[in-house]
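Protein sequences appear in the order of chains A and B.
Note that this note's numbering numbers the first sequence so that position 258 is 1492, with each residue one more than the last.
Note that this note's numbering numbers the second sequence so that position 105 is 1339, with each residue one more than the last.
If you're looking for bench data, these hints aren't it; they were derived computationally from the structure.
Remember, predicted model here, so these are calculated numbers, not experimental data.
Beta carbons: idealized from backbone N, C-alpha and C, even for Gly.
Worth double-checking, as some hints may not be accurate.
[What the hints assert, rightly or not] The following residues of chain B were derived to be distant from chain A, with all beta-carbon distances above 10 Å:
#1 L1257
#2 M1262
#3 L1290
#4 N1307
#5 H1319
#6 A1368
#7 D1427
#8 L1428
#9 N1492
#10 P1511
[Said to hold, decoys possible] Which bits of chain B does chain A cover? Going by a derived footprint, with three or more residues having C-beta under 8 Å, they are:
#11 1236-1245
#12 1382-1393
#13 1458-1466
2 protein chains.
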Amino acid sequence: MKTVRLSIIGFGAVGQGVARAILSKKEMLTGQGIDLCVVGISDSKGSEINVRGIDLKSALERKKQKGTVATGNESALDIIGNVEHEIVVEATPTNIKNGEPGFSNMSAAFNSGKHVVTSNKGPLALCFSQLKEAAEDNGVFFRYEATVGGAVPIFNLIHESLAGNRVIGIEGILNGTTNYILTRMAEERLPYDLVLKEAQELGIAETDPTYDVEGVDSACKLVIIANSVFGEAASYRDVDVTGITKITPEALELASRNNYVVKLICEAGNGTLTVAPRLVPKKHPLAVGGTMNVASILTDLAGKITISGKGAGSIETASSILSDIMYIVRNS
Amino acid sequence: MKTVRLSIIGFGAVGQGVARAILSKKEMLTGQGIDLCVVGISDSKGSEINVRGIDLKSALERKKQKGTVATGNESALDIIGNVEHEIVVEATPTNIKNGEPGFSNMSAAFNSGKHVVTSNKGPLALCFSQLKEAAEDNGVFFRYEATVGGAVPIFNLIHESLAGNRVIGIEGILNGTTNYILTRMAEERLPYDLVLKEAQELGIAETDPTYDVEGVDSACKLVIIANSVFGEAASYRDVDVTGITKITPEALELASRNNYVVKLICEAGNGTLTVAPRLVPKKHPLAVGGTMNVASILTDLAGKITISGKGAGSIETASSILSDIMYIVRNS
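If we strip away everything but chain A, and leave its shape as in the complex, we get (with noise of 0.2 Å):
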């Protein structure tokens, strides 16, 4: 049995599904001689440590009932660098102004020889190139498949299973948000206002939805991308970026009428970075709706690949991060 310790920092939505993907994976991963010990666990008001093994139904529990975890006062970083581990799992919320708390934890796992897996956007979306660096320097694994495309494996894809072709561009919808207020507004001509309140009742859009509906969130999705797949040094600064704001059903119907839908596309390639709505004939690859991401994928030999499913939740992205601790488990 090969055991692998590791912390999960940040026990929020994808936290816990981390912890309950673990929970319910533990049969199959005995079957293939792995044991995930969660050794500590941390979210804003504290921490639980537990060297031998923290009891994970427990902790959700206890989260659940209390709010927090924490049995104990030890911080994030106090996990990272005094107790031993393998794989910090970075899973605190993204923050785009600069990039803390996630930033400085990512840089204290590096720079204590752990692997991290991530699905938080904002220290790659500012400074990318500073992480990946750190962890060639370390020699330890930087995973970041959570932070784009949900349960869709962008990243996995490009850099294993398309191994040996060069990408040449990507296009795709890489916010479930938007695409499910443009869903809507064009099935049901409805104007964007009533959509948006409709979809924060739902739980789909946030109280303020600013990071959506602007393209916030896509540009920085589009950013992690191009740092991955092109190797530039780009941050979410550069990427033109237009929202959604002020698509009209007018225009939704105009589209539809002519079989074309309107989608929010980022599209990176030849150096451009662009975030707009744009048209889409209702019959081509992209047009997926509701709340589904989707990324075709140019290449030179396979030609375009183009791959959807559900672009957030907490479960669908808890299995990009199980499978990024699967990565490094098979790989180390």
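Start from chain A and add chain B according to the hints.
Just chain B now, kept in the frame of chain A:
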């Protein structure tokens, strides 16, 4: 520089595509510290062997001029057994009756401690478990991404990118020829015979189209998926198969008026294997047109992930073979 020696067994469209891909990727591979050195090529008329590396440009030119790569009489089995190398690229034509010569070539490769990368469906549709066991017994890799979906990396996606997920079921369109015929029949309201003739003239359908239109090709691919993903010991004879030859333009028009298209759908899951024409909603992710292939993979964590791309073509199939070669180079 890591030198990896390979043989290309079978030098038709796929084998030549592999040679062209290796040639065109020389610089990229060198940049990654990899030297792919082809030491043997065989076709039905003979072979070329050069332990210091075959000049692929000359080999391709000679094949074009003379119809064969042969500079000597050594057989495929001579190369596999007697020439030192690490990877056998088995690209002989699919034979669904007894899997030969592919089965013997792959067995010989495993028994002499060589990894196998193949595009040849026959042996895998007939005796997958036997080949898999031979590979495991000899501690070598057995990679077959190119057998299903052309350029679409279905196996790598499931086994690597979605690692940690349990696959519940798979459905998809795995044959480009029938998809082309059904798409054209629906769009142009033309009868089956006429569209088949058009497809034959364009080189999309073979002179004897039986394997494609009767669903045999789809069934072979479905069996390979079932064996690889679900660990079944199925043969293509276990698949419940209905082809597309009895579909009329009237049926397609009726479907279209109700917002459906008809597609030859392969389904695996719950222990059943089916290939049959199915009604698919026009907006459904499986409703891809032309010669495209598509697969929807239903998983326990990631939900449904759908991937589509070119299902055939010399260079597209070579893309999958090259990705498999890269996997072996990185993991051996």
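Evaluated hints:
1. L1257: The claim holds: L1257(B) sits with its nearest Cβ about 12 Å from chain A, beyond 10 Å.
2. M1262: Since the minimum Cβ distance to chain A is about 7 Å, M1262(B) lies within 10 Å and the statement is violated.
3. L1290: holds (16 Å)
4. N1307: Given that every Cβ of chain A is farther than 10 Å from that of N1307(B), nearest at about 33 Å, it holds.
5. H1319: Given that every Cβ of chain A is farther than 10 Å from that of H1319(B), nearest at about 19 Å, it holds.
6. A1368: Given a closest Cβ separation of 22 Å, the condition holds.
7. D1427: At about 26 Å from chain A, D1427(B) clears the 10 Å cut-off, so the statement holds.
8. L1428: Holds: least Cβ distance 23 Å, greater than 10 Å.
9. N1492: holds (17 Å)
10. P1511: P1511(B) clear of chain A: closest Cβ-Cβ about 20 Å, beyond 10 Å.
11. 1236-1245: violated (count 0)
12. 1382-1393: holds (count 5)
13. 1458-1466: Contact hint for the segment 1458-1466 of chain B vs chain A: violated, 0 residues under 8 Å.
Figure legend: structure checked against the earlier numbered hints; hints not met, in rising order: 2, 11 and 13.
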